[in-house]
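Those protein sequences? They're chains V and W, same order as listed. With the first letter of the first sequence counted as 1, position 31 gets the number 31 in UniProt numbering; the numbers rise by one all the way through. With the first letter of the second sequence counted as 1, position 133 gets the number 133 in UniProt numbering; the numbers rise by one all the way through.
Take these hints with a grain of salt, some might be off.
Computed far set for chain V versus chain W, every beta-carbon distance over 12 Å [stated by the list, open to error]:
1. 14
2. 18
3. 22
4. 25
5. 29
6. 52
7. 53
8. 55
9. 63
Some chain V residues judged to face chain W by a derived CB distance under 10 Å, without partners named [to be verified]:
10. 3
11. 4
12. 17
13. 21
14. 27
15. 31
16. 39
17. 41
18. 46
19. 69
20. 72
21. 73
22. 78
23. 80
24. 82
With a straight-line Cα cutoff of 20 Å, these simulated SDA-like cross-link-like pairs (lysine to any residue) come out [stated by the list, open to error]:
25. 123(W) with 140(W)
26. 123(W) with 37(V)
27. 123(W) with 108(W)
28. 123(W) with 24(V)
29. 123(W) with 133(W)
30. 123(W) with 98(W)
31. 123(W) with 14(W)
32. 123(W) with 21(V)
33. 123(W) with 16(V)
34. 123(W) with 106(W)
35. 123(W) with 134(W)
36. 123(W) with 136(W)
If you're looking for bench data, these hints aren't it; they were derived computationally from the structure. A virtual CB, placed ideally from N, CA and C, is assigned to each residue, including glycine.
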Amino acid sequence: MGDFRAGERVRVRAGDPAGHTRVPRYVRGQVGRIVESQGRWALADEVAAGVAEPRVEAVYTVAFAARDLWGEGDHEVTVDLWESYIERARRAEA
Amino acid sequence: MSEGHPSTPVAARVRRLEERLIEARVVEETQLDAALAAMLQGASPLNGARIVARAWADEDFRRRLLADANAVLPEIGLSMAGGIQEQRLKVVENTEAAHNVIVCTLCSCYPIGLLGPSPSWYKSEAYRARVVREPRAVLAEFGLELPEDTAITVWDSSAESRYLVLPRRPEGTGEMSEPELAALVTREGLIGTAAV
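Next up, chain V with everything else stripped away, as it sits in the complex (with noise of 0.2 Å):
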């Protein structure tokens, strides 16, 4: 089902694609735990790009402190991403 498990801390990359992607800017390069895996599903990029056998992936629910987003609130939220969005993250960082 993917490398990660519940309870890790992820960091999601940080990168700015030039076309479609999932992975909302407000959590790119933050640092979240993973809630659940929700099963494997073709890359939205790569299929949004039109390639005629996307990856196929992965996608976890991962869940944000809104403290870590924001730099306020108390509360959670949660993101679906997909494998590649995401890496452990550094010990120092979970």
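Fit chain W to the given chain V structure using the hints.
Coordinates of chain W only, in the frame set by chain V:
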């Protein structure tokens, strides 16, 4: 088609997009009409309300619904397979300590089959931008004042998943039948901007 959309500029943009797709021979007008009719057939918040009422009345159904909603919807004659591919449904449960609210910040992802066409405010840039940042204030503007110690989770549905909130069962409803319970549930309750 897009007549009757509450936002005239959005309706005009949708129509222009439809015309370009038709000009490019990606789709024919009749196919578009058929696809929209199929998607909207039976699409109603009554479906979501039935899911909630069954979950309130049947503890085993509730537990399995929260674990894998797609697997249990057929038990009450519903499914998430109405579109091009089956979408995943994730049901998130409100409790005394925790409240959930749904948004799609990138576009307007929403379980149309279970909730009917989405309200215009759900698609508005103001709701999408603000609810992730200050949900407590936005919910208060909807008339939902949550206690300070209620933990809020905002679910940004930006993949092939759709989300549905399972509201808390109101007090004093112990004797109600499932249809009576379903009648208590609102579309806003299923999005998380109302309590029920």
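* Violations among the numbered hints -> 3, 4, 9, 10, 11, 12, 15, 18, 26, 30, 33
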